[in-house]
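Required output: the full structure, derived from the provided sequences and hints.
There are 2 protein chains.
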Amino acid sequence: MISQEMLRLGRQSSVIRAISEYGAKRKKEIGAENVFDFSLGNPSIPAPAAVRDTIVELCETLDPCKLHGYTSSAGNMEVREVIAESVRTRFHAPCEAGLIYMTCGAAASLTVALHALINPGEEVVVPSPFFPEYRVFAEKAGATLVDVPCHQPSFALNLEAMEKAISPKTKVVLLNSPNNPTGAVYSEESLSALADLLRKKEKEFGTEIYLLTDEPYRELYYGEGTVPWIPNLYERCLVGYSYSKSLSLPGERIGYLLVSPRCPNAQDVFAAVCGAGRSLGFVCAPSLWQLVVGKLNGLTSDVEEYRKNKDLLSSALSEIGYVITPPEGAFYLFVKSPEEDAYAFAERAKKYELLLVPADSFGVKGFVRLAYCVSRETIEKSIPAFRALMEEYKK
Amino acid sequence: MISQEMLRLGRQSSVIRAISEYGAKRKKEIGAENVFDFSLGNPSIPAPAAVRDTIVELCETLDPCKLHGYTSSAGNMEVREVIAESVRTRFHAPCEAGLIYMTCGAAASLTVALHALINPGEEVVVPSPFFPEYRVFAEKAGATLVDVPCHQPSFALNLEAMEKAISPKTKVVLLNSPNNPTGAVYSEESLSALADLLRKKEKEFGTEIYLLTDEPYRELYYGEGTVPWIPNLYERCLVGYSYSKSLSLPGERIGYLLVSPRCPNAQDVFAAVCGAGRSLGFVCAPSLWQLVVGKLNGLTSDVEEYRKNKDLLSSALSEIGYVITPPEGAFYLFVKSPEEDAYAFAERAKKYELLLVPADSFGVKGFVRLAYCVSRETIEKSIPAFRALMEEYKK
Chain A
7 MISQEMLRLG RQSSVIRAIS EYGAKRKKEI GAENVFDFSL GNPSIPAPAA
57 VRDTIVELCE TLDPCKLHGY TSSAGNMEVR EVIAESVRTR FHAPCEAGLI
107 YMTCGAAASL TVALHALINP GEEVVVPSPF FPEYRVFAEK AGATLVDVPC
157 HQPSFALNLE AMEKAISPKT KVVLLNSPNN PTGAVYSEES LSALADLLRK
207 KEKEFGTEIY LLTDEPYREL YYGEGTVPWI PNLYERCLVG YSYSKSLSLP
257 GERIGYLLVS PRCPNAQDVF AAVCGAGRSL GFVCAPSLWQ LVVGKLNGLT
307 SDVEEYRKNK DLLSSALSEI GYVITPPEGA FYLFVKSPEE DAYAFAERAK
357 KYELLLVPAD SFGVKGFVRL AYCVSRETIE KSIPAFRALM EEYKK
Chain B
7 MISQEMLRLG RQSSVIRAIS EYGAKRKKEI GAENVFDFSL GNPSIPAPAA
57 VRDTIVELCE TLDPCKLHGY TSSAGNMEVR EVIAESVRTR FHAPCEAGLI
107 YMTCGAAASL TVALHALINP GEEVVVPSPF FPEYRVFAEK AGATLVDVPC
157 HQPSFALNLE AMEKAISPKT KVVLLNSPNN PTGAVYSEES LSALADLLRK
207 KEKEFGTEIY LLTDEPYREL YYGEGTVPWI PNLYERCLVG YSYSKSLSLP
257 GERIGYLLVS PRCPNAQDVF AAVCGAGRSL GFVCAPSLWQ LVVGKLNGLT
307 SDVEEYRKNK DLLSSALSEI GYVITPPEGA FYLFVKSPEE DAYAFAERAK
357 KYELLLVPAD SFGVKGFVRL AYCVSRETIE KSIPAFRALM EEYKK
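Residue numbers (the numbering used here), protein chains in the order written: chain A, 7 to 401; chain B, 7 to 401.
Do not rely on the hints blindly, as some may be mistaken.
Because identical chains share one entry, a pair is satisfied inside a single copy or across any pair of copies.
[Stated by the list, open to error] Below, simulated DSS-like cross-link-like pairs (lysine-lysine); rule was C-alpha separation at most 25 Å, straight line:
#1 K301 to K72
#2 K357 to K34
#3 K387 to K401
#4 K34 to K72
Since the hints were derived computationally from the structure, they do not count as laboratory data.
Note that this is a predicted model, so its numbers are computed, not measured.
Structural data, given as structure tokens:
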């Protein structure tokens with residue numbers, strides 16, 4: 007018998023994938039312009055032209071053996087220096103190139119971190135709703151995932167619930183802000199309070215609790231300034247990042263995991279990250295892409311386009327009568343289902359060619375997620391469909 | 007406490023890395039041209055110009071959202087079709103795109119395969135010497151690694167020893183041919199005999215035994231025709247491949263794992279591979295590189311240059327009096343240490359600025375590995391040093 011758990015995971019059809027496959031079929035039947043597909047978090051804004059120019063320049067000027075050669079497992083040191091310097095400048099925080107591990111994207115950042123930290127039977131606490139793969143990653147690392155519902159309808163952290171959930175087995179608290187699926191951004195106040203809580207619990211239990219933050223949407227923020235830099239609030243912190251959304255490179259698998267130098271055992275944690283990367287089969291992150299993000303550090307795709315989409319879709323849906331969570335970041339709109347069962351709502355929406363994802367698989371009932379990383383035209387044309395859909399509930 | 011096993015792996019200094027770091031230091035001290043560094047298996051022949059041209063063409067003609075977007079987890083179907091067709095044509099073997107999983111290189115091919123197949127406590131049997139990371143990958147997947155010494159000095163498979171090693175716990179036999187570190191290529195006869203043995207053992211124990219082949223050096227073969235296509239000899243077979251060596255792209259992390267359609271439970275094995283990839287954090291292989299290898303399938307770097315290096319180095323060392331294993335593939339020369347302790351020999355070689363890797367960490371004592379993927383000039387200039395080194399043993 008092969009691994010039954012891996013077989014189960016490989017066969018398990020994701021709700022998102024099922025909807026997106028239905029969408030592909032429907033687009034063939036009636037034309038892509040007539041299907042309003044809000045199912046996938048795949049950037050619709052192209053990578054900046056500088057990405058192409060940088061690739062071409064690297065290919066034309068660098069010795070191919072260097073350009074395409076192995077970097078050290080943790081990545082090209084010059085690239086890591088660039089990233090460290092940008093963190094120091096932007097967030098007024100200590101950051102060391104020697105504590106940055108370049109990864110094959112956000113998923114790899116999380117798996118290497120979890121395998122580095124977790125001993126079998128420990129717990130990973132996650133505010134819900136959360137990206138469903140977190141459960142898969144945590145369980146593969148030997149942990150049990152403990153989900154802690156956020157306040158509704160703001161989807162802010164519920165600190166009382168967090169306090170109840172944190173146990174002597176808690177090894178990692180995993181945060182995702184700006185959040186997929188809600189678009190919520192956890193406030194600095196709530197994160198400070200969480201940091202205090204974790205320090206208190208560490209003392210109470212005599213344990214170490216690590217805060218692992220998953221930040222692929224860091225640059226997709228619609229508030230003032232930047233989202234809080236969590237290592238400034240809590241010492242035992244690891245930050246996972248990916249350029250998938252900020253530079254519109256989701257398929258290229260490039261990101262990093264950094265260990266905060268304020269973490270008391272930062273060197274050991276970093277060594278364990280290297281050990282985890284090695285044993286999971288991550289040799290180095292793709293070398294060309296390391297160089298590209300090193301050269302283009304700080305650049306993003308035109309994220310203002312997502313803001314315009316958000317504003318248009320939010321105000322239209324509110325005006326029609328949908329209850330939405332005002333998104334502060336990422337490119338998702340979280341909408342309350344007008345009927346209790348979000349699956350039934352999403353099914354009904356299909357009649358109007360609206361493809362929405364019920365948020366049940368994200369760990370919360372009664373909501374749908376709309377990925378508004380689509381063309382402006384799709385949003386504009388979808389509004390009458392949303393209106394007609396709501397009419398059904400007003401009858 | 008963080009994971010002590012990951013910490014150990016992260017801290018463990020690789021013998022190869024230690025020598026290569028010594029080499030880097032020494033090159034600074036006395037000039038790179040005076041150090042004969044045979045430590046690293048990093049291709050010295052550049053990627054073909056077509057790689058650069060293809061990248062530039064893709065960047066200039068393809069919609070960036072498509073070029074850099076997510077592919078399906080298993081990879082771009084058109085690329086997988088190209089690979090399947092080439093396997094069918096070249097090896098006269100069945101091959102299905104739907105059973106090919108694009109990976110972030112050879113290491114990822116092996117880890118996803120092992121995690122898909124292994125249940126805790128099972129065994130992975132490996133002919134030795136073998137690439138040391140195999141042990142790390144197998145143990146992380148929950149298996150015990152059982153190594154089976156090859157015949158010396160040919161380093162052919164020892165079937166009697168294999169028969170003794172295969173137990174009811176054997177889930178995977180892992181082969182690497184052309185072999186790192188010996189350069190040996192397992193003959194079709196020995197592989198057929200191994201296949202018979204595995205089928206016999208499966209019956210005897212009522213178990214399933216999978217043959218997993220790691221073939222990054224497939225194209226670096228100095229014999230006639232091609233190396234044997236192992237799925238033609240054994241049904242329950244998975245083949246891992248990487249373009250790292252054949253196209254000189256080691257840092258770019260692109261390869262594949264295929265499940266033979268002759269494997270009775272091929273669909274389940276493939277689903278488990280997808281589940282393993284998902285849970286280890288492999289979302290898709292880098293999308294640009296998938297397209298590049300799809301377009302350039304069948305092309306290799308100028309591997310004749312490695313043949314010339316091999317011929318030059320083999321004949322010179324033999325003439326001096328070293329006992330070598332005539333290499334049939336890869337870019338490694340396996341040399342018997344003139345004294346019992348290969349570490350002592352490698353240490354003594356340093357006096358002559360010769361950097362050789364003792365093969366102890368590959369699981370065999372009394373040999374060193376020379377990676378001859380270096381410049382012709384390095385080989386030519388190294389010969390007097392090898393001669394002087396041997397003089398010490400003739401005194």
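Quick rundown of the hints versus the structure:
no.	hint	verdict
1	K301 to K72	both (16 Å within a copy, 22 Å between copies)
2	K357 to K34	within (16 Å within a copy, 70 Å between copies)
3	K387 to K401	within (23 Å within a copy, 89 Å between copies)
4	K34 to K72	between (44 Å within a copy, 18 Å between copies)
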